[in-house]
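Asker: Residue strings, one per chain:
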Amino acid sequence: MYAQMIKSTGQGVKSLDEMEPDERAFQERINAGGKIEPKDWMPEGYRKNLIRQIGQHAHSEIVGQLPEGNWITRAPTLERKAILLAKVQDEAGHGLYLYCAAETLGVTRDDLTRDLLSGKMKYSSIFNYPTLTWADMGAVGWLVDGAAIMNQVPLQRTSYGPYARAMVRICKEESFHQRQGFDIMMKMANGTEAQRKMAQDALNRFWGPALMMFGPSDADSVHSAQSMAWKIKMNSNDELRQKFVDQTAPQAEYLGLTIPDKTCKLNAETGHYDFAQPDWDEFFDVLRGNGPCNTERLEARNKAWDDGRWVREGLLAHAAKKRSAKLAAE
Amino acid sequence: MSSPETSPYKDSEASPHGETRATEWPLWEIFIRGQHGLSHRHVGSLHAPDAEMAIKNARDVYTRRNEGVSIWAVEASDIAASSPEEKGALYEPANDKVYRHPTFFDIPDEVGAM
Ligand SMILES: [Fe+2]
Ligand SMILES: [Fe+2]
Ligand SMILES: [Fe+2]
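Chains as they are written, first to last, in numbering that gives the first Met the number 0: chain A, 0 to 329; chain B, 0 to 113.
Hints listed in this document are in silico derivations from the structure and should not be mistaken for laboratory results. Please read all numbers here as calculations on a predicted model, not as lab measurements. Incorrect hints may appear among the rest.
Under the rule of at most 20 Å between Cα atoms (straight-line distance), these lysine to aspartate or glutamate pairs were calculated in the EDC-like manner [unchecked claim]:
hint, chain 1, residue 1, chain 2, residue 2
1, A, Lys38, B, Asp77
2, A, Lys38, A, Asp21
3, A, Lys80, B, Asp59
4, A, Lys47, A, Glu22
5, A, Lys321, B, Asp77
6, A, Lys230, A, Asp217
7, A, Lys321, B, Asp49
8, B, Lys86, A, Glu27
9, A, Lys230, A, Glu17
10, A, Lys121, A, Asp284
11, A, Lys47, A, Asp16
12, A, Lys321, B, Glu51
13, A, Lys230, A, Glu22
14, A, Lys320, B, Asp49
15, A, Lys242, A, Asp273
16, A, Lys34, A, Glu22
17, A, Lys47, A, Glu36
18, B, Lys55, B, Glu23
19, A, Lys242, A, Glu252
20, A, Lys320, B, Glu51
21, A, Lys38, B, Asp59
22, A, Lys325, B, Asp77
23, A, Lys321, B, Glu23
24, A, Lys230, A, Glu43
25, A, Lys80, A, Glu172
26, B, Lys55, A, Glu312
27, B, Lys86, A, Asp39
28, A, Lys325, B, Glu84
29, A, Lys302, B, Glu23
30, A, Lys325, B, Asp49
For reference, chain A alone in the conformation it holds in the complex (with noise of 0.2 Å):
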């Protein structure tokens, strides 16, 4: 998802027997579906776990209004254009409420910051992938954001505290975005032929990546045991993946275009959709850096680091100085 491959200590999860008093009385609070606030005991790895975590959704929030900005300047009309510039606009603030999530467990925002710059963390594959025509901003917002809604709605549930509450705030601001995107896609869909192709061509680009963004099938991993344990995660990658496409493949029919994957249809028997699984090797191809974009992507955030920092410093001297003023005129 917007966090992908997250590790946990890997050793799997304890029994409520072999924890320590603190431990114990932690995972009973979890279990009871009460939360984890920041000045709570919590488990070294649970801290460590959603600073990855939460970071890495952070970031991805940064890093995902790259593609649409890109289209920004060149919107078809001037509506369009101010509905595209609120919803990058969204964007960034859902980095900044995660961030600050991410900074109630001891992390400060510019070492969440020099981690991303360095590429020592991670954002979502998806943001690694150009957009290359008007309709892509259609098929974003209906296939990237829908499926971050399939995630991040169960998370408003999650045990840490400042985690949910960001969720909340963040979800009641996607749905925004998810059908700015399906409108541009019925308006390109209903187009001229030229425009239907685009649509079309959009579907095929973003549907393989936008079933990666739920991550390889995780039914076997000790990690994802242990934060399903923490109610840090919420659901199997799979379980979701599942959602998106039973929730997606009627719309795309909605709008008269075909999902490239011939093998997806209805299956009476179990209510759910079949599909096949997207390409596995480019995903991890994309991770390791090798995507489309990668070095575009983090190029454009180091350059907006380093060209902002006159602007940081000399703030900061500003606020200096007035704050200095005030002292000597009391």
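Got chain A; can you put chain B with the ligands on it based on the hints?
Answerer: Leaving out everything else, chain B with the ligands in the frame of chain A:
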């Protein structure tokens, strides 16, 4: 709320939390009062060089959809918070004064609503 007194993030060059670096804007906690007469409520935090910018940033980050009509920004390091370990002792006085709750008193039905 922010700032637990914990060790920094192990694998990075983090300074202990609460101690901002010379180059990092301080952390502000943001409180917003909505339209319907309720008190200011904590909504999250953000970084800003000073109070004025904290309020401007809070407008962009936390009120993009008319969520508020008043913003408070408080520097996180200025907030004093109770610690979870004291939970028992701190709230004990409230626990043993059950007579503060109206349900402590049995009022006969004939008296009517009270
Ligand atoms: Fe988002
Ligand atoms: Fe998003
Ligand atoms: Fe979004």
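Asker: List, from low to high, the hint numbers that the structure doesn't satisfy.
Answerer: Result: hints 11, 21 and 28 break, sorted rising.
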